[in-house]
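Visitor: Could you build the full structure based on these sequences and the hints that come with them?
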Amino acid sequence: LEAAVGGKYQKSLAICQAIEKAFSYPEPDEIVRHAQIPGGMYTNMMTQLKEAKLEQHLNEVLRLVPRVRLDSGLPPLVTPTSQIIGVQAVNCIVSLHQGKDMYENVSKNFAELILGSYGKTPWPVDPEFRYKICGTREEKPYDTSQYKPQDNPPIAEAGGMLLALNEKEQLLLELFPSVATKFLRNKRIEEWKKMHPEEAVSQPDGGATDTPSSPYEASDYEPSDGEPPSFWENAPNWAGWTDAIVTAAQ
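Using our numbering, the first residue of the sequence shown is number 1, and each one after it goes up by one.
A hint or two may mislead.
Unchecked claim - Simulated DEER-style distance windows between Cβ atoms:
id, residue 1, residue 2, range
1, R137, P76, 23 to 29 Å
2, P141, P76, 17 to 23 Å
3, K120, K8, 56 to 62 Å
4, Q36, R137, 24 to 30 Å
5, S178, N105, 42 to 48 Å
6, S178, P76, 51 to 57 Å
7, G40, K194, 48 to 54 Å
8, L74, R137, 16 to 22 Å
Calculated from the structure, these hints are not laboratory results.
Only a predicted model underlies this, so the values are computations on that prediction, with no experimental measurement involved.
Glycine included, every Cβ here is placed at the ideal spot set by N, Cα and C.
Guide: As structure tokens, then:
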């Protein structure tokens, strides 16, 4: 920390590398670096490959990401386009291993990206590629006049209160309809119970659960990675690796 604050970046890097070596960290994955994918995108691709029982083909998917990205107009690999590109790269590998055309299986989001529904891409999409994916060579921006807002129904178990009561909740409902519907429904029911405790006792709970502090379930935050206990049990003793770090800092 002192080296980093003091602007001694090379020494800081040497110390970090010594720590990584002491704990047997793997070398940087050059394929991942060239694919330029963020961490969340990598995790989703692995999940999709495991479901297809093709996890051994991860490197093929990573090598294909730049090609899929170029075909789709070089969109930035940030949410949501990073997930769209990642999913399509996996779909391409699955199709190829089934002896089909690379773009035989195209996701709805990828087709909308190619069509122009999400706006112009940094690099123009080849009209012939757009025709192959969407059946038209013309770019078609999304028509906002066709958008239908999410339903905001009254909740019977909450005395008829609307699902979303303000602009913030309505926006949450528009962005995450399925998750927000459950979250807001439980929130309205709990609010109604607090305002009408006598009536709440005489009525069934309607399947409501304790109001979460966010629109996500606790299970969404269950640890899915990290080092197993055996890693720390087998780690080198303190004396060994601290000596290596001290040497790197000198």
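Visitor: Output the numbers, in ascending order, of every earlier hint that fails for this structure.
Guide: Structure breaks hints 3, 5, 6 and 7.
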